[in-house]
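Engineer: Guided by the hints, dock chain E onto chain V, whose structure is given.
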Amino acid sequence: MSVFKVNKTIEEINDKIKRGEAVVVNAEEMIDIVRKEGVIEAAKKVDVVTTGTFGTMCSSGALLNFGHTAPKIKAAKVWLNDVEAYGSLAAVDLYIGATAVRKGDPLNAVHPGRFEYGGGHVIEDLIARKPVRLVAEGYGTDCYPAKRIEMEIFIDDLREATLLNPRNAYQNYSVATNSTDKTIYTYMGVLKPHFANATYSSAGQLSPLLNDPFYLTIGIGTRIFLGGGVGYVIWHGTQHNPNEERNERGVPKTGAGALAVIGDMKQMNADFIKGASILGYGVSLSVGVGIPIPVLNEEIAFFTSVSDEEIDAYIFDYGHDYPLKIDNNYALTNYKELKSGFITINGKKVPTAPLSSYNGAMKIAETLKQWMLDKKFFLTKPSAPLPQSKDYEPLKYLKKYEKNL
Amino acid sequence: MISKKVVLRFPEEIAEKPLVSDICKKFNLTFNIMRANIFPRKEGILTLEISGEDNSFYKGIQYLKDNGVSISFVEESINRDESKCYHCGFCVAVCPTEALTITDRKTMRVDLFKDKCIACGYCVKVCPVKAMSLPEEF
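Chains as they are written, first to last, in our numbering: chain V, 917 to 1321; chain E, 13 to 150.
Each hint should be verified, as a subset may be incorrect.
Here are the computed lysine-lysine pairs in the DSS-like style, where the Cα-Cα straight-line distance is at most 30 Å [stated by the list, open to error]:
#, chain 1, residue 1, chain 2, residue 2
1, V, Lys1252, V, Lys1279
2, V, Lys1255, E, Lys142
3, E, Lys118, V, Lys1265
4, V, Lys1291, V, Lys924
5, E, Lys96, V, Lys1046
6, V, Lys1264, E, Lys137
7, V, Lys1108, E, Lys137
Pairwise CB distance ranges, derived in the manner of DEER restraints [said to hold, decoys possible]:
#, chain 1, residue 1, chain 2, residue 2, range
8, V, Asn1262, E, Asn91, 32 to 42 Å
9, E, Ala27, V, Ala1247, 47 to 57 Å
10, V, Gly936, E, Lys96, 30 to 40 Å
The set of hints was computed from the structure by calculation and includes no laboratory data. Here the structure is a predicted model, which is why all the values come from computation and not from measurement. Note that CB positions come from ideal geometry on N, CA and C, so glycine has one too.
Isolated chain V, as found in the complex (with noise of 0.2 Å):
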């Protein structure tokens, strides 16, 4: 006997989808839908929301297999328009990370760097489908005698281009300020002294694993947008960490849960993914992900329709704590204030700048619910959960808002 009182399988809305039946809501809609209608009216009404999120995502990077030259070469050393990849990797596989820097890049000699080209802008500019120079470099064996190779690659070429990210979709994340004398360059954007602005960096409301704020349906296996093609969540996130502190919906109030991505770049797109230059910090990649989320029941109605209020973050001071680990914040906020433009921070109104992309993040739950309903994208069912927080048990959290209402 389940506990709650709507119970769908993923199987009947693969059905609906396949009949041209299912609706498909995006995580902004189902706010006012739960907010008029109830959650048990919401599960039974709506099949799937669709969650998005376009940030730059550090933890990113493409895992390629350039095929063999001849004569062939085992490429210990590899560049990609002089940016260095990782090649120790058989023999013509190499991964190129997002955050690698172009051979002979000034970096912070004259701070704040400009961080023009890296391996962000390498992934990018193959999902374009711009030809590419590769340079190997290998030592010469009996069976890959060449030491050395030079060859302009395009993506459609490569026997395999696949991204694969360990860290992506942060669950919610700190908001950074500044309390120094100085402007700061990092990877939260530019900083003004004395508290003189403060930036964020999640979409809220339309972020996927803030609409799951307990992976009860995403999980290893989930089928989901990724760079404007088909990916898979293949593992949590490195540094997932279930257990942070939560609010009274459940939500996590830091960066909490994460996952690690893969997704055929071939079928990906330049709109949904965008080397970075971050002034003074380096180079990284924004990723488009996007995630389905079935409604199977009432609980998930519930935590689907979270709004921006009802997310919190702390405001960390990236001028002096940040950097020396200091574990020190300035208050709580929430995501309907920081979208707002202004938060408080010490009695002094402050204005606020997001670094994530809602308009590309709604862009990208549209296109989702659109391929829903082109049925052309099924939902999957985990084969594995993520690792889950203690502090879950069905229906509590719901069982709690409902009492505070």
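Structural biologist: The following block gives chain E in isolation, referenced to the frame of chain V:
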């Protein structure tokens, strides 16, 4: 009434003439200095917002040109490549005049109001996808 932000470039030969002061007296214009710079070869760059009656404004601009000042209008200079911009918001954090800002708090699209731009170039440096550009003379 007209009010526009302009970038004036003074070659070395005229750097010592009080041309901006002239246009105020001759054409009854007012100005607000946004940025001023002198380069090693004594060439000067001045970003001003000049205001006055329509007719006088253009006469004043013509007067500066006749005296060897090269002029560009800021709002015609800043450019955003819409195919690259993905509305992340990095630029919003640094733009000093809210020329780059978010007005629609539902869609969170980043707006560009060219008339507010002072061509400081912060957005050009900070844009992670290099969507923002200014011509080289800025």
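Engineer: Each of the hints needs a verdict: does it hold here or not?
Structural biologist: Hints and how they fare:
| no. | hint | verdict |
| --- | --- | --- |
| 1 | V/Lys1252 <-> V/Lys1279 | 20 Å, holds |
| 2 | V/Lys1255 <-> E/Lys142 | 24 Å, holds |
| 3 | E/Lys118 <-> V/Lys1265 | 21 Å, holds |
| 4 | V/Lys1291 <-> V/Lys924 | 19 Å, holds |
| 5 | E/Lys96 <-> V/Lys1046 | 16 Å, holds |
| 6 | V/Lys1264 <-> E/Lys137 | 28 Å, holds |
| 7 | V/Lys1108 <-> E/Lys137 | 15 Å, holds |
| 8 | V/Asn1262 <-> E/Asn91: 32 to 42 Å | 38 Å, holds |
| 9 | E/Ala27 <-> V/Ala1247: 47 to 57 Å | 51 Å, holds |
| 10 | V/Gly936 <-> E/Lys96: 30 to 40 Å | 36 Å, holds |
The structure fails none of the hints (numbered hints given earlier).
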